[in-house]
Amino acid sequence: MNRIRRALVAALAIGLAKPFAALAAWNKEAFGAKTPGDALKNLGVPSGAPSGELHIEAPQIAENGAVVPIEISSNIPGTTALIVLIEKNPFPLTARFDFKEGALPFVKVNVKMGETSDVRVIAEAGGKHFTASKEIKVTIGGCGG
Amino acid sequence: MAAGPMKMRATLGQGFTDVRVLMNHPMETGQRKDSDGKLVPMHFIQNLTVKVNGKLVVDAQISQAVSRNPVFSFRLKGGAKGDKIEVAWMDNKGESNSTEMALA
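Just so you know, the sequences run in chain order A and B.
Residue -4 is where the first sequence starts when you use our numbering, and the numbers rise one by one after that.
Residue 46 is where the second sequence starts when you use our numbering, and the numbers rise one by one after that.
Hints listed in this document are in silico derivations from the structure and should not be mistaken for laboratory results.
Fair warning: there could be bad hints in the mix.
If you want a taste of the chain A side facing chain B, the calculated C-beta under 8 Å gives, among others [unchecked claim]:
1) V62
2) F92
3) A98
4) F101
5) V106
6) K107
7) E110
Now the stretches of chain A that chain B is said to cover, found in silico as 3 or more residues with beta-carbon under 8 Å [claimed, not checked]:
8) 21 to 28
9) 76 to 90
From the derived model, a few chain B residues whose C-beta atoms are all more than 12 Å from chain A [said to hold, decoys possible]:
10) K52
11) L57
12) D81
13) A149
Positions of the beta carbon are idealized from the N, C-alpha and C atoms, including for glycine.
Can you build the whole structure from these sequences, using the hints too?
Here it is, written out as C-alpha cells:
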C-alpha cells in the first residue's frame, strides 16, 4: 500500500514538473496501432468523407524513404486538426496536429516511409471529418535503415 | 545523443507568418540495428508545441516516422513585429528542448 502511494506521489511530481502535462498526452494506443483502422479507432476519429479541399503536396516518387517531404494544408473552413497516416508503415499513425486560434491548418514535415504507400490525411472541422490521400512510391525504404 | 540546439526562422508574409523550425534529434524507430547487429532502442519526439506571445497555437503529437533531425513548417495567422514565437518538444525519454524568437 505504502509503495503504491509512494509511486503515485512520484508520478504526480513528475507530472507537475513536465511542461507538457497540461497538453494532450501522447496517444500510446493510437500511435502503437499496426493498421490505419485501429489507429483511427484509438483516436476516436472516423475515416471521413473525401474532400478536394484537403491538399497533400509530396513527390510522386521518393528516392530515399528516410526523408520524404510532405506538405499538408486544408481549405475546409474551421479546420482544427490534421491527422497523418502512412498506411503501410509498421505503425501507420505519423502525426496529429491540433491548430488553435492563431494558426492556419498548414504543416510541412519530412517523414520516413518503409515502402510505397498511400499517405492519408484526415481533417477535423466543426466536428466533421474529411479525408484525402496520395500515393508515394518509395525506391529505398527508410524504416529499417 | 542528447538534444542538440534548435534553429528557428520566422518570416512575416501578407497576412500570415511562416515559421520553420529545425530540431536536432535522432528519431530512432526501434527497428534500426547498430554495427553490432543490436536493435537501437526507440528514441523519438512525441509532443511538439508552438506558442505565440505565450498562447498555444499548435499542439502536435508525432511518431517515430518523422525523419531524423525534424524540420517543421507552420503558418500562423497575421503576425506583427515583436511577436514572441516559442517552439518546444518532448521525447519518449522525457527529454525536452525549446527555442524562442521575436518576429523581426
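A quick look at each hint next to the structure:
no. : hint     : in the structure
1   : V62      : holds (5 Å)
2   : F92      : holds (5 Å)
3   : A98      : holds (4 Å)
4   : F101     : holds (4 Å)
5   : V106     : holds (5 Å)
6   : K107     : holds (5 Å)
7   : E110     : violated (12 Å)
8   : 21 to 28 : holds (count 3)
9   : 76 to 90 : holds (count 7)
10  : K52      : holds (15 Å)
11  : L57      : holds (14 Å)
12  : D81      : holds (15 Å)
13  : A149     : holds (19 Å)
This entry does not satisfy hint 7, going by the numbered hints stated previously; all others are met.
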